[in-house]
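Take these sequences, add in the hints, and give me the full structure.
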Amino acid sequence: MADLKMPSLGADMTSGKLLEWHVAPGDTVKRGDIVATVDTDKAEIDIETFDAGVIGALLIEPGTTVDVGTPIARIDGNGTPPAAPPAVAAAPPAEAFVHHRRVSPLARRIAADLGVDLDAVTGTGPQGAVTRVDVEREAGAERLVEAPAPAPAPVEAAPAVEHRAPAERLESLRAIVGELMTRSKREIPHFHLSREIDLSAALAWLEARNRELPAPERVLPAALLLRAAALAAHDEPSVNGTFADGGFRPARRVDLGVAISLRAGGVIAPVIPGADELSLAELMQALRGITDRVRRGALRGSDFTAGTLTVTSLGEHGADLVYGVIFPPQVALVGFGAVAQRPWAAGGMLGVRPTVVATLAADHRVSEGHRGSLFLASVDHHLQEPDQL
Amino acid sequence: MTADEARAVVLGCLSEIAPDVDTAHLAGDADLRRAADLDSMDVFNLVAAIAERTGVDIPDTEVAGLSTVDAFAQRLG
Numbered sequence: 001m002a003d004l005k006m007p008s009l010g011a012d013m014t015s016g017k018l019l020e021w022h023v024a025p026g027d028t029v030k031r032g033d034i035v036a037t038v039d040t041d042k043a044e045i046d047i048e049t050f051d052a053g054v055i056g057a058l059l060i061e062p063g064t065t066v067d068v069g070t071p072i073a074r075i076d077g078n079g080t081p082p083a084a085p086p087a088v089a090a091a092p093p094a095e096a097f098v099h100h101r102r103v104s105p106l107a108r109r110i111a112a113d114l115g116v117d118l119d120a121v122t123g124t125g126p127q128g129a130v131t132r133v134d135v136e137r138e139a140g141a142e143r144l145v146e147a148p149a150p151a152p153a154p155v156e157a158a159p160a161v162e163h164r165a166p167a168e169r170l171e172s173l174r175a176i177v178g179e180l181m182t183r184s185k186r187e188i189p190h191f192h193l194s195r196e197i198d199l200s201a202a203l204a205w206l207e208a209r210n211r212e213l214p215a216p217e218r219v220l221p222a223a224l225l226l227r228a229a230a231l232a233a234h235d236e237p238s239v240n241g242t243f244a245d246g247g248f249r250p251a252r253r254v255d256l257g258v259a260i261s262l263r264a265g266g267v268i269a270p271v272i273p274g275a276d277e278l279s280l281a282e283l284m285q286a287l288r289g290i291t292d293r294v295r296r297g298a299l300r301g302s303d304f305t306a307g308t309l310t311v312t313s314l315g316e317h318g319a320d321l322v323y324g325v326i327f328p329p330q331v332a333l334v335g336f337g338a339v340a341q342r343p344w345a346a347g348g349m350l351g352v353r354p355t356v357v358a359t360l361a362a363d364h365r366v367s368e369g370h371r372g373s374l375f376l377a378s379v380d381h382h383l384q385e386p387d388q389l
Numbered sequence: 001m002t003a004d005e006a007r008a009v010v011l012g013c014l015s016e017i018a019p020d021v022d023t024a025h026l027a028g029d030a031d032l033r034r035a036a037d038l039d040s041m042d043v044f045n046l047v048a049a050i051a052e053r054t055g056v057d058i059p060d061t062e063v064a065g066l067s068t069v070d071a072f073a074q075r076l077g
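Quick note, the sequences are listed as chains A and B, same order. The opening residue of the first sequence carries number 1 in my numbering; numbering runs sequentially from there. The opening residue of the second sequence carries number 1 in my numbering; numbering runs sequentially from there.
None of these hints come from the bench; they were simulated from the model.
So, partial list: chain B residues that the calculated Cβ filter (under 10 Å) puts toward chain A:
id, residue
1, Ala18
2, Pro19
3, Val21
4, Arg33
5, Ser40
6, Val47
7, Asp57
8, Pro59
9, Asp60
10, Val63
A short list of chain A residues far from chain B (calculated; beta carbon distances all over 12 Å):
id, residue
11, Met13
12, Val66
13, His370
14, Ser373
DEER-style ranges, computed between Cβ atoms:
id, chain 1, residue 1, chain 2, residue 2, range
15, A, Pro250, B, Glu52, 37 to 45 Å
16, A, Ala319, B, Asp22, 20 to 28 Å
17, A, Leu213, B, Ala71, 18 to 26 Å
18, B, Asp22, A, Asp245, 42 to 50 Å
Heads up, the beta-carbon is just placed ideally off N, CA and C, and yes, glycines get one too.
Below, the structure written as structure tokens:
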């Protein structure tokens, strides 16, 4: 038996409010299944279970706020259901049926948005799971041309728990980021370095690679920059880790935070765990995944593993460079400005090349200009050998 | 595909990949990257969603030149 606890989703979280259960007592869950949605000051976050088993009891009601670490559900066994689970043995009523169907959270959300009855949807995902595509097929093409009809009575009679209004969400997000950045500026002796990097080789290689591939498998320059930063952090460990209890704790792998700005305002930095162990294609998929979940408001608990280094990219219309502020307890932040055509001297000649200015904000308690320069040189080096990325 | 259908597909894909963009008030000739604040990942997802829905795979080299809903729709039509 294991307790599912209110998880800590970042150093800045002390409590969370349960918004919704996605499981009911008697449901079999495996590691990684989404069991609940929790509201934090940052965002609404889907919580996964780390234990497999059968949901024994739900310990708190939607709408309840509890401290991090408080047990919120009981999970029995190791995936072996009790001898005669009543919910499975008897013909399940329609409502229980919904609980037992495998429905991806995204599909559930879209179904609610479009007013689609999940019972009527045929699942084509793994083990008959209902996916986004299935819901959209059921919804038909109507949604393309007209606003969705008012949703009929919800399939699940979930108690109505109030979600934060957009303005309130922005306020709480800014407050939590503000608190963290204040702490950063107060406690961390920052130093800043920059290096302009020639991207002509990297972009030419990427263009040739993308030409061969269908749209969903292409790779963006943003992923190339992340990959180079992750590899460089591996080469220069003084930027990768946390500062806690008066000392630097280097991390064994690179859990890479990626700052993503929200259209409504505010910034959020979900983490790609083990970014240095992912191939370029896998890193691109991971980046696509977190961006997609940020845009849809469907981030997961695993997106908020404690990061060891954060990258911020200003994007194509961004400023030339960013003087970063470190996310405590991390010890560095890597910034990439806009990629643009700029004058570039090479071989005694002045030419024009696509370049990016990479910056490093780092913690003087842990490293200094020399080590930071080695890190930026390593980012540069990796970008000059794109076929090795 | 008629021009209206193509436009509906583009707007449908756009609201799928960027649910926080107000597509109802987005002019057909507005620059998506500026007016709707789409970044390169959003544009990537838009192109992927269009490919998934219509089978039309817009080459990477053309994507940079497409900046409005009308331009995407015209490319499909």
